[in-house]
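So the chains spell out like this:
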Amino acid sequence: MSSSVLAASRVWKRYPPAVEALRDVSVDVAAGETLALVGESGSGKSTLLRLFNRLEEPTQGHISIEDRPATEHEPVRLRRRIGYVQQDGGLLPHWRVEDNVGLVPRLLGWDAARRRERTLALLELVGLPPRDYLRRFPAELSGGQRQRVAFARALAAEPRVVLLDEPFGALDALTRNELQEEFLRLKTRLRPAMVLVTHDLAEAFRLADRVAVLRAGRLLQVGPPPKLVAHPADDYVRALLAHHRVGAA
Amino acid sequence: MKRADCFLALAAWTLAAPLHAAGDRITVGSKNFAESRLLAEVFAQLVETRTELSVERKMGLAGTQVCFAALQNGDLDVYPEYTGTGLVTLLGAPPAGDATRTLSYVRREFLARWNLHWLAPLGFENSFEIAVPRALASAHHLRTISDLARMSRDLTAGFGHEFVQRDDGLPGLRRIYGLEFRAVKQLQQALQYQAAAAGDIQCLDVYTTDGRLVVHDLQVLEDDLDFFPPYTAAPLVRGTTLALHPELGAVLGLLGGSLDAGIMRRANLRVETRGETVESVARDVLADLGLVAPAPTRSAAPRRDHLAAFMWSERGSLARRTLEHVGLSLAGLVLGILTALPLGLWLERRRRIAEPVIRVLGITQTIPSLALLAFMIPLLGVGAPPAIAALWLYAIFPIVRNAYTGVRDADPGAVRAATALGMTERQVLRHVRLPLAVPVIMAGVRTAGVLTVGTATLAAFIGAGGLGEPIVSGVQSVDTIMILSGALPAAALAVVADVLLGRVERGLQPRGLRGAG
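Protein chains in written order, with numbering that gives the first Met the number 0: chain F, 0 to 248; chain Y, 0 to 516.
Simulated from the structure, these hints should not be mistaken for lab results. Computed from a prediction, not measured in an experiment: that's the story for all the values here. There's no promise every hint is true.
Pairwise CB distance ranges, derived in the manner of DEER restraints [unchecked claim]:
1. Y:P411 with F:S8: 46 to 56 Å
2. Y:L512 with F:E56: 31 to 41 Å
3. F:W11 with Y:P411: 20 to 30 Å
4. Y:P355 with F:E123: 47 to 57 Å
5. F:S8 with Y:V333: 52 to 62 Å
6. Y:E424 with F:A138: 20 to 30 Å
7. Y:I362 with F:E123: 53 to 63 Å
Where a beta carbon is used, it is the ideal one built from N, C-alpha and C, also for glycine.
With these hints in hand, go ahead and build the complete structure from the sequences.
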């Protein structure tokens, strides 16, 4: 456990009056590892993700981040050290690409020259030539381009942890495939610890080192894709595998 | 004037100025009907020609309560009042006694309670009377109010708002004469005559000296049970003003007993239906009494047959009214923005109380403007301050509502991402919510702007000027041309305000949102 960057241990999350979003969930993420959280909507996967940058607090149980209890991290400072990508990109529509990518470095007080250098490098990295895109507003980009900018923004301050909440969910199939390729390249190059929320098991198998299946707030099974295929924990996981045509039918 | 004369005049003025300290200006007010304006103008001109005092006019104040409150707190020094009104409305006493006893009673009480003086009565009474169309009167042999009571259940009456409320009006008539109608419509005084002419109403309250009694074929019914108290007209003056300027009492005393009902009826008629200005009629009245020199040449009355010609002839005063109007609206709007914007942002942080607070603020929109203005008078007197305060109150609601919802509902995706990436709440507000809410906030400001310009016409009721002035006097004298001369510029101002605020909105809108699709 001491090598894990993120860990949830026996975590419950209840919303009054009677919703149990997470029930006794324990899971951890090692350095450089990508963990996928898979489940239907309402399974608790996004709630679990948000515990790791303190957008949510557990009702019961413990979260630890880089071997320290989450409660010892000041939330705002913590979030600036953790990359975050959400489904719709969440770019600030009144800021140019340049300012969006430089958001976290600016919050961290980097000087302008360092910010700019970093922004240029990142845009190159996500495949958007800075010369063409630096000065654009989000409204002047396609959906795929916006999501590339969102990735660049998440990586700007060289975070060791990146949280991704259905980052490919709103894209058409072609663009999604293209961006997933890009994701794998970035992953092997930068090797941050990542948590990827998705409802698409095929996507999880393709992008993650380990996959956690959640249903109605409970963690059903967690393990590397081959292990899930070989030993599905129960009928639900088996049906899920069959439905997404991954592994043996 | 030659240059030397100019110089002398200037020098004389400069020398005289320190001697003429602050107290040398007195304020004359009137209620919002023609006779009150006319009498006030007579007072004003007499004081201007016969004393060293200069006069400020606050004409057309909305009713007895407004005038009286203004007199009490020193915003007015003098206005024409009627003893019956003093007795019933202001002292709350039951109507009783003849004219002489009523006068001495109100004199005694006003002096003791408020140090206010009733000067010499002007010489006429202007009581409420009940009138019916002459044809109806002769067909049913109506001579007295008692006669009317026998058949009033078949009639529709049109009474002034004040008459319906006052104890010496309809409630008392009901009690004393048992007068009941099929229906009672509440109408502006000036509109009653039109309604009667159109046959919409068959019975109305009139004043003894109303010139329109002559024109419209109306029969005044005798008050056979002596219900209506005597309404003797007299100047009502502050005691402190009289002590400071005894000459004021002396010159207004010159009017004592000199205006009879006939003179007043003819003078009122000239103002009410012939469209002559209050100033020129007042001047003629004073000249006929030998109190001021006759006007050297009868100043040609402004043309009233053609709107454009009339507005051109009145351009000076219309320009001044427009400036006043812009000033009032702008002051109200700017104050509204300065208070409502921070309030809206604060409420966004206190969501639980936000909706209740906004709902309470919404009530301000339902307060009738006249009532709101009337509430302001005890606090702020008459003139611009209460008008601006009222406009400010009206402007707050649309701005608060839009600021609150605009900031609350600003692009949720952007807000979530900004928070998740480590912006503090304050940074999210400043850099994300606020800029994204600009279009919504500005829409609220535009609404408030148009509302303010529209409502500012009511400032005329409390002597704050503006384009409501010609509208209010026009309504009183049923002068469409005069009404339009105020209403058209006011409407144009509202459009201009909307266009200008639209420009500001586009200027403030963050790039990236402009035309983004």
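Taking the earlier hints as the rules, which of them does this structure contradict? Checked against the structure, the only hint that fails is number 1, while the rest are satisfied.
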